[in-house]
Amino acid sequence: MIQLLRIELFKIFKRPRTYISFGIVTAITFVIQLAMLSDGKSFVGFALQGINEQFDIHGNILNGYLVAYIILQSLLIHIPLLVALVAGDTLAGEANLGTLRLILTKPISRAQLVMVKFTSSFIYTVLLIVWLAIVALFLSLLLFGKGDMINLKSDAFVMLLQNDVMWRYAAAFIFAVLAMTTIASMSMFLSAFADNSIGPIMSTMGIVVVLTILSNLELPLFNLIKPYLFTTHMIGWKGFFDDPVPYSAIYKSAGVLVLYTIGFITATIFYFNKKDIKS
Amino acid sequence: MRKYISLLLVLILPFSVHVHAAEASALFESLRHKVLSVKDYTADVKMNINVTYMRIPQLKGTLYFKSPNKMRLERNGGLSILPKKNINLTLSNLIPTGNVTVIEVGTAMIGTKKVRVLKVIPEDEKSDIILTKMWVDEHDLLALRTETTTRNDGTVIMDLEYANYMSYGLPDKVTIYMDLKDYKLPKGVTMDYNNETATQQPKDKKNQKGTIKITYLKYDINKGLSDAIFNKADKE
Chain A
1 MIQLLRIELF KIFKRPRTYI SFGIVTAITF VIQLAMLSDG KSFVGFALQG
51 INEQFDIHGN ILNGYLVAYI ILQSLLIHIP LLVALVAGDT LAGEANLGTL
101 RLILTKPISR AQLVMVKFTS SFIYTVLLIV WLAIVALFLS LLLFGKGDMI
151 NLKSDAFVML LQNDVMWRYA AAFIFAVLAM TTIASMSMFL SAFADNSIGP
201 IMSTMGIVVV LTILSNLELP LFNLIKPYLF TTHMIGWKGF FDDPVPYSAI
251 YKSAGVLVLY TIGFITATIF YFNKKDIKS
Chain B
280 MRKYISLLLV LILPFSVHVH AAEASALFES LRHKVLSVKD YTADVKMNIN
330 VTYMRIPQLK GTLYFKSPNK MRLERNGGLS ILPKKNINLT LSNLIPTGNV
380 TVIEVGTAMI GTKKVRVLKV IPEDEKSDII LTKMWVDEHD LLALRTETTT
430 RNDGTVIMDL EYANYMSYGL PDKVTIYMDL KDYKLPKGVT MDYNNETATQ
480 QPKDKKNQKG TIKITYLKYD INKGLSDAIF NKADKE
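Protein sequence lines, in the order shown, are assigned to chains A and B.
Just so you know, my numbering puts 85 at position 85 of the first sequence, and the rest follows in order with no gaps.
Just so you know, my numbering puts 432 at position 153 of the second sequence, and the rest follows in order with no gaps.
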C-alpha cells in the first residue's frame, strides 16, 4: 500500500500541472496583497462606513490577519478548481493514458487502488492548503503587520484580539482541508465515469458553482435544500472567526462534509468495482 | 388682612423663585468649575462595549484626555474603538460651556444619596448640546448622572461612580448609554456562514441603545499632555 501511495504521489508531483495550482494560489494572493497595499484603506473605509458613522476606530485595521481573511474568502471559491485539477485526473487520467488496465493487473484490489488515489489527492490538498497558509497568512503578516482582527458579518461587527487569532486560523485551515477533501472525493467519483480528465474537472467546477449560488441565494425555496448542500457547509471555517465560536454549527458542518466524503468514496469504489475497464 | 397676605405672597414668590434659580446656577457653576479644573489626564482603563451588533472583548488600555475635547485610547498596538468625537467619554464634554440657563426641577434618590436635579440649557444656539439634565450630589459636589440631548447624536445618559478621585470630580466607573443606528451589510457581500448564533436583533431597531462601561484604574491628572499624542491618533 505504502509503495503504491509513493508511486501515486510521484505521479502527481512529476506533472507540471500540479505546480500550476501552487502558482495560481501564489499569484492570486500576491494580487490581493498588492491591491490592499495600494488601496486597502479605502476598501476598509468602505466596509466600515456603517460603523464609522458612530464610532472612531484607530490602529492598524488593515493588518495581516484581516488581509489573510479577505484572501481566504476569495480563494476558497477558486481552490476547488485547483483540487479538481489533480483529483479529477486520478482515474480518468490513467484511463486516458491507457495505464489503468495495466495497474489493475497487479495484485491489488480495485478498492485499494481507489483508496490509494484518494489518499494521494488528500495529501496534495493538504499541501495546497499549507501553501495557502504560508502565502496568505504568513506573508500578509510580514507585509501588513499584526493587530486586532475585525470580521464584518451582515448583522454584526466582530473584533478579535490579536493574541486570540492564530489558533482560529489553524482551525480554519484544518476545516478548509476537510472541505477541499470533499471536493477531491467528488472529483474522483466523477473521474471514475470518464476516460479523460477534462470532463470530471469541468463537472466538479460546474457542480461547485451551481451549488454555491444556491447556497447563497436568499430564496425560501432554496432555504429548504441549503442545509443538505455541501457548499453551504464548506464555509464553516468562517465560524472560527466569530465570537463566541458556534462550535455546534461547525461540528454539524464538519459532519456533513465527512458524510459526503465517505459517500463519494463508497460510491466510487462501488462503481469502479463493477466498471468494465477497456483501456 | 387677606389682601395684605396675598400682596405679600405675590411679592415674595418671584423673589423666592429667583433665589432658588440663583442657588441652582451657583451649584452648577461650582460643579462646572470643578470638572473643568481637570485640564488633562492619563488613565489606565478597562472598557466594555455592549452594543447589539458589536461583539468586542473587554479592551484594556491607556486613555488620554486633554481639555476641551481631545481623547485617545491607546492599546499597545491593538485597535481602539471610541464613540464619535461629539459623544466624548468625559463629563466635561457633556456639560454645556458658555452662558447657560439653569432650572432646578426637584430632588431624587440615586442609591442612598439624595441629589438635586438640574436642567441646563445652553444659550448658544449653535451648541451641539441642546439640554443637559444633571443629578447633582450637593454635599460632595459631584454629578452622579447626566442626560444630555445632543443635536446630532441623540441622547447620551451617563452614570458615574466615584471613589478615589472625588476631589477632581473624576469617576472610577462610568456607564454611558447612547442611541445607535441600525447596522446591516448585504449577505451577498459578507457571505455569512449560516450558524446557529445569529446576532439577536432588538425589537425596535430604530431606537437601539448601546452601553459603554469604563473602569478607571489609575489617573495621572494635569501633567500637561502634548497635542502630539492626539495628532498621532489622527494620522493612523
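Read the hints as simulated data drawn from the structure, not as lab findings.
Cβ coordinates follow ideal geometry from the N, Cα and C atoms, glycine included.
Heads up, a few of these hints could be off.
If you only want the chain B side, here are some residues facing chain A, beta carbon under 7 Å, derived [unchecked claim]:
no.	residue
1	Ile335
2	Gly357
3	Lys363
4	Tyr447
Derived pair list, reagent style SDA-like, types lysine to any residue, alpha-carbon separation capped at 25 Å [claimed, not checked]:
no.	chain 1	residue 1	chain 2	residue 2
5	B	Lys349	B	Gly390
6	B	Lys325	A	Lys14
7	A	Lys14	A	Leu102
8	B	Lys463	A	Gly59
Tell me the numbers of any earlier hints that the structure contravenes, in ascending order. 4, 5, 6
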